[in-house]
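Chains as they are written, first to last, in the numbering used here: chain A, 1 to 485; chain B, 1001 to 1500.
Hint data in this document are derived by calculation from the structure and do not stem from the laboratory.
C-beta: ideal position from N, C-alpha, C; glycine also.
Heads up, a few of these hints could be off.
Claimed, not checked - Cβ-to-Cβ under 7 Å is the rule here; a few derived chain B residues that face chain A:
hint: 1; residue: TRP1288
hint: 2; residue: GLU1355
hint: 3; residue: TRP1462
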Amino acid sequence: MDELCDLKYNCTRRHFLSRTSLGIGSAALASMLNPLSAMAGSRPDDPMGGILSKPHFTPRIRRVIYLFQSGGPSHLDLFDYKPTLARMNGEQLPESVRKGQRLTGMTAHQKSFPLAGSRFNFSSHGKSGRLVSELLPYTSQIVDELCFINSMYTEAINHDPAITFFQTGSQQTGRPSIGSWLSYGLGSENDNLPTFCVLLSRSNDFDQPLYSRLWGNGFLPSLHQGVQFRSGKDPVLYLNNPPGVKQPTRRRMLDHLRELHQRQHERVMDPEINSRIAQYEMAYRMQTSVPVTMDVSEEPDHVFDLYGEAARIPGTFAANCLLARRLAERDVRFIQLYHQGWDQHANLPREISVLAKDTDQPSAALVMDLKQRGLLDDTLVIWGGEFGRTNYSQGKLTADNYGRDHHPRCFTIWMAGGGVKKGFSFGQTDEFGYNIARDPVHVHDFQATLLHLLGIDHERFTFRHQGRRYRLTDVHGHVVRAILT
Amino acid sequence: MKKSTYWRIAPFVIVGLALLFRIFINPADPPNAALFIGRFHSMIVHFPIGLLLLAVLLEVLARAFRIERFSSTIKLLLLAGAAGAVAAVLAGLYLEMAPGYEADTLFWHKRLGIGIAILSFIAYGVRLLDGQPGTTVYRVYAGVLVVLCSFLMVGGHLGSVLTHGSGYMTRYMPQTFRSMLGLGSPAQGWAVRMATAEDAEVYSDLVQPILDSRCISCHNAGQQRGQLALDTPEGIEKGGGDGPVLVAGRSSESEIMRRILLPPDHEGHMPPEGKDPLTVAEAALIRWWIDEGASFDQKVAEVTPSPLVEQIFAGLELSERETGIFALEIAAADSTAIQAARAAGMAVTSLGENEPFLQVRCASASDCLNVEQVAALGLIASQVAWLNLGRTEVADSALAVLATLPHLTRLHLESTSVSDEALVHLSELQYLEYLNLYDTSVSDSSVQYLSMLPSLQSLFLWETDVTSEGVESLQRALPDAEIVLGWTLPSVDEDTTSAP
C-alpha cells in the first residue's frame, strides 16, 4: 500500500478510537478545531506547551544542567576514598569481593588483578567534612553545596550502552532521551530557544565517540530532540541565511513553505508535518536568539576569573559551563553538556589530572555562579559519568602508574540545586570500592528522582508507541527520598 | 410544525448540544459546569443498568414460561434503558475530565459504556420486529442481549473500580473466598492509628500486627514451616531451622529482612509466591524495629524514628508533608480568571494536579504588569505562589500589586529597575521564602522592609548597592535566611597534585 495512504488511515482510526468513539462527524470536528492538540501532542493554548498541563505535584526545580563526564571517571581517584586499597596496593583482588562478576574483554584475560590504591591524596572539606581528592581543588571548596551519591550502579559495562542507559533508560537505542521526555512533558518556557540544548567538549582527540541519538527524540515528536550548539561561527548548523538571502525573503519563504506544509498535512494528516512547521519557525526565531545567547563578549572579567581563563576559548568545557549558565538564565529546560575523555584504561594518574584540571574549576564555578544569581534554587546541576572504574589495575601496576577498566557496580556522582540536600553524601561502597555496602541507587532510581524533582511521577509519565506505553524508567525505578529536602 | 414533531426532535437536539459543548472544552482544564454535569453520571448510570437487566430478566421469564403479555413492557424497558444509557454516557464524557481516574480502567469503562448505549438501541430495534424462536431475528436478538448483559457486568464493575478502587469488593470478603481469588490478607491502617498513641509499643503495636497478618499463617506454634514460629517473642528469638531469624541492631544481616527484600519471584522470598509482598511501609517498620535493637517492650516514644518511619507515622504513608502555603485550604482559581490572565499576556501554569496554586510570569519583558495584567492578577490573587518578573522592564508603580498576593512564596525581581521604596509592598508577604533582587539598585534602606519577611529563606543581593553592614543587620533580623552577596572561588596553584 502507498505509504502516505497508510498514514491517513492510521490517523483516522486512531482518531476514531481514542478521541471520540462517537462517530466520524465529531472526530472530524475535533481535529478541525484543534489539530495540534489532537495530533502532535503539543498544546497551543497552553504557554508551556507540554503534554502535562499540570505537573503531578509541585516541582522543586524548573531546569536541569547535566554535566555528563563521558568515559567513566574513576570514583576511586576523585571521590571515593579507600585506604584499604592503598594498604593492599599490589595484592590480588580477593575472589570474595569479585564473586565471579563479569569483566570487560579488555581485562577478562588478565592473569593478575593487582589492587591499585589511588596515587592522589584525599582530605576532608567544608562543614560536611566530605573527602575529596586533591585532583579537584575547586570542587572541594563547594562540597557544602553538593549532594554526593556514592552508590550509583548501572547494568551496562561498555560506554555506549551505559550512556544510552543513563540518557534513555534503555541500553538499546531508539528511546527518547531525558531532555526529550522533559520537552514533551513540560514544554518550553522560552519560545526563542530549544527546550533541550546540547554542548560538547573534550580533553583529547582519541576518546570514545558520542552520537547525536544520545539527544534524540526516539518515538516522541521530533521537535523534542536536543539541539547541538557548536563552538565557532555557526553555533547551530544551517541556521544562518545563505549568502544573498535577506531576512524578509526568509520570512516570505517560510510563510509559503508553511502553506505548502499545511496543505500536505490536510492531505496525509501526518503529525510530523506539524513538528516540521514548528521547527522552521523555531529556527527562524533562533536566528536572533542564538547569536545573542552565544556571545560572551559582554561578560565581565570577574566571570572569567570564576570559570577560568579557558572559558574565553570556545569549545572548552569551561566555555560550555558559562554558556550553560546563559541558557539557564533564559529558562532553557534541559541543558546537556558532555565532556569526553575520562576513559583511563592506562596511564591513569597522568591523564586524569588533565581531565580534572579541565573540568574541576568550571563545574564548581557554574554551581556558585548559579547560586549567586538565585538560579540554583530551581535548577539541578548533575555531575557524573556512565560508570566507575575498577579497583584493580588494567595492565601493569608500577610505583607511579596504573590503569583502570570499566566498573559498573559502583561509582559516584554529585548533584546540586533545588530539592536535594546540601553537604550530604548518600550510600556507601565496601572497603574495596568494588561493591555497594549500603543504599544502592540504580540508574532508573536516579531518573525517577530527577523526574520527581521536576514534579513528574515517573510511573504516570508515559507515551504510547507500537501498542504499549513507554516510560523513561521502563518498569523500574524508585525515588531516592533520602536525598531530597 | 406539529407539537409532536418538536418532541421527536428534542432528544436529538439535546444530545447534539451536549456533544458539541463537550468538544469545545479543553479536557486538561475543564470548567466547573462540565464537572457539575459529569457528576450526574454516578446517579444516572444505575437506571439503565437496572432497566436493561430487568428487560433481560423479563425476556428470559417470558421465553421460559411463554408469557406473551410481557412483550410491550420489555420494549418499554429497553427503550427507557437505552435512553438512560445515552444520558449516562453523555454525563460520563464530562466526568472523565475530572482528574484522578486510572487511565487503563477508564479506557475500557468508557468503551463498554458507549457499547451498551449502542447495543441497547439495537436490542430495542430488533425487539420491535418480534422475531419468533428459530428465526434469524430471534437469534440476533438473543445474541445482542447476551453481549449487552456481559457489557453491563464488566462495564459496571469497572465503574466501581474507578470510584472505589480495585480492592473494594474483596476488602471485607471472608479469607476463604479471598484465597480462592488468590488474594492475601487485607492491609490494615494500623501504622497510622498506632503512631498517634503516646504509649504505643514498637513490637506489640507496630511489628506484631504485620507478622500476624503476613507471616503467622504458616509460621506459628502449630504449623512451624521451616521450624519457625513468629507468633511469640520466644519463637522469634529462637529462630528457624536455618538459624536465627534476626540479628538485633543489624537489619542488613537479618535473615527475615533478606527474605522480605528478595525479589518477589525469588524462591526464597517471603511471603512465598502467590501472596502479596510486604508493602514498603511494612518492610520499613520491621527494618526500623530490628535496627533499633529488636526489643519486645520498647515504646515508640523511646526510639528515634528514621525519616521514612516518620513519614509513615505522619499518616501520609510515603507522600510529601505539607508546610507553608501548602497546608492552607485554598480554592482553585476560576478557569476563566486563568484564561483572562493568559489573554493579558502572562504565562500561568499550575503548580500541581492537586494544588490550587499557580506560577506566573510575564510573557513579554517589555510589557510586564500593565494595567490589564494587574487587573487579571487580582482575580487569581490568592492562588499566585510563584511570580517571575525577573529580567523585565516592570515599572515600580506596578509593584503595588504584590501587596495583594498573600500566598506568594517565590518572587523574582532580578535585573529590574525595582527601587527600595517599592519593596514596601512586600512587607505583608508572610509566606515569602525566596526573593531574588540580584542586579538591581536596591540599597541598605531596603533592609527595613526585607527584615519584616518572617518566612524568608533565600535572599539574593549580589550586584546591588546593599553593603555588608546592611546584610549584617538583616541577618540579625532574619537569622535563618541565607543571604547571598556573591562568591569567588579562591584560585588554586597550578600543580596541587602529588602524583606525576
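Just to be careful: measuring from the Cβ of TRP1288/B to every Cβ in chain A, is the smallest value less than 7 Å?
violated, 14 Å
Hint status (Cβ of GLU1355/B to nearest Cβ of chain A, threshold 7 Å)
OK, holds: GLU1355/B within 7 Å of chain A, min 6 Å.
With 7 Å as the cut and Cβ atoms as the points, is TRP1462/B at the interface with chain A?
holds, 5 Å
When the structure is compared with the earlier hints, a violation turns up for hint 1 alone.
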